[in-house]
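Heads up: the sequence lines are chains A and B, in that order.
The first sequence begins at 1 in my numbering and counts up by one.
The second sequence begins at 1001 in my numbering and counts up by one.
Simulated from the structure, these hints should not be mistaken for laboratory data.
Some clues are possibly wrong.
Label pairs and their computed distance ranges (CB to CB) [said to hold, decoys possible]: (1) Gly-27(A) <-> Arg-1061(B): 31 to 37 Å; (2) Trp-54(A) <-> Leu-1173(B): 37 to 43 Å; (3) Leu-52(A) <-> Ala-1122(B): 43 to 49 Å.
Examples of chain B residues toward chain A, derived with CB under 10 Å [stated by the list, open to error]: (4) Pro-1075; (5) Gly-1077; (6) Met-1081; (7) Gln-1091; (8) Val-1135; (9) Ala-1142.
For clarity, every value in this text was computed on a predicted model and none was experimentally measured.
Beta carbons are placed, not taken as given, at the ideal position from N, Cα and C, and that holds for glycine.
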Amino acid sequence: MTFPFLLHQTVCGALAAAGFGVLFNIGFRSLPWCAVSGALALAVRTACLDGLHWNLEAASFAAALTVGAAVQELRARTDLSQNALDVVGCIPMVPGSFAAKAILAMFALTSASTTDAAETLITAVQYALRVTFTIGAIGTGLAIPTLLLRVRVTR
Amino acid sequence: MDAIESLIPEDSGSAPALEPLAMVALDAGRMLMEAGASANGVDEIVAKFARGLGADRVDLRIGYASLAVTIGIGPNGITRMREVGHLGVNQRLDQELWHLAARVSRGELTVEETRAELTRLAQKTPRHSAWVMAVAVGLACAAFGRLLKVDWLGTGPVFLAAGLGQLVRRELLTRHVNVFICATLVSFLSSLLGGLGAHWAQSTTITTAMIASILLLVPGIPSVNAQNDILEGHPTLGSARAVTVAVILIFAAAGLWLGQVLLSHLGIET
Chain A
1 MTFPFLLHQT VCGALAAAGF GVLFNIGFRS LPWCAVSGAL ALAVRTACLD GLHWNLEAAS
61 FAAALTVGAA VQELRARTDL SQNALDVVGC IPMVPGSFAA KAILAMFALT SASTTDAAET
121 LITAVQYALR VTFTIGAIGT GLAIPTLLLR VRVTR
Chain B
1001 MDAIESLIPE DSGSAPALEP LAMVALDAGR MLMEAGASAN GVDEIVAKFA RGLGADRVDL
1061 RIGYASLAVT IGIGPNGITR MREVGHLGVN QRLDQELWHL AARVSRGELT VEETRAELTR
1121 LAQKTPRHSA WVMAVAVGLA CAAFGRLLKV DWLGTGPVFL AAGLGQLVRR ELLTRHVNVF
1181 ICATLVSFLS SLLGGLGAHW AQSTTITTAM IASILLLVPG IPSVNAQNDI LEGHPTLGSA
1241 RAVTVAVILI FAAAGLWLGQ VLLSHLGIET
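Generate coordinates for the entire structure from the input sequences, incorporating the hints supplied.
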């Protein structure tokens, strides 16, 4: 892993998170925090993927856990709901392209011209499993700091 | 006093009326849910509003399309239900609702004042303009594209295709087009434009550029909320959200597939 590559991934993570922050109607004043959150997520994921050679699911879990814990600290300063800040940070890690590839492979299975159905099926299942595990890893990584540190409402 | 007598309402005249209190608390919960909050957030805000307005007991049931609350003051109680609309994401409204909840829980507002504030928030909370959103979404998808290893030649077309897709999506949703149909239409348009643009720009990553162009449709917040809800003890709502996420992805992939079919008919290999 080279520093320019890490920088590239971090900047792209920041841009993606800030862009989605606008889509989620986060105010301009809070957008830099979204960018920081996305940058942190991608920096940690890239370091785990390419530096420590972890798989995508484990790297996504570590990144989400880091963002979740950092957002708990930031929350008091940003006046932004925690749900927004940590989820926006992790949006660049949501494996949307794997999901699209999995569904396209399933479409291809039903096509009359499928040449190697077994290989296509394995590809579809592999992508679908990666999507499921990665989203699971992100959700669990975000949930752990929240569940550990949040004080529940007294009913 | 026997058990049945204890259930008969006694109107002391001094307690706040239950009906408006329940409806205001439900409205706050509904607005927060429609703004993209998880079940625990909705639970918390309804309790804050109801208790701040004088309720002694609050019990909430959260469904995907409705909320039901039982409010109690002394021996009196009432149960009311409220329909929940389309679950979008609006963080500024979310933020404003929590500010209002803090004021209500400090006892600063009456039921009527709270209702007026909720109406004001629903009408006046600002949104970014369509063009700002389109540029932001274009940038986000272009950045996504780079993360997915789209080459630099394909990044510009992704920016334009996703930005245009966002403009069309906003227009369709304003016209109340079904969200799933909207996902297919926008996916088809964005993937087609992204693919054509990447081809004309002589990119070598046309398929990835097409996929990056539709990533604005990936329901990130609902997918994380689905899991949060299940983890926090709301499996029914979490499952409903997960099914909705899956169906949106299928409809978006259908649009992408249509785009690929059309491009292959035009002689562009994806």
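Looking back at the hints listed earlier, which ones does the structure fail to meet?
-> The structure conflicts with hints 4, 5 and 6, although it agrees with all the remaining ones.
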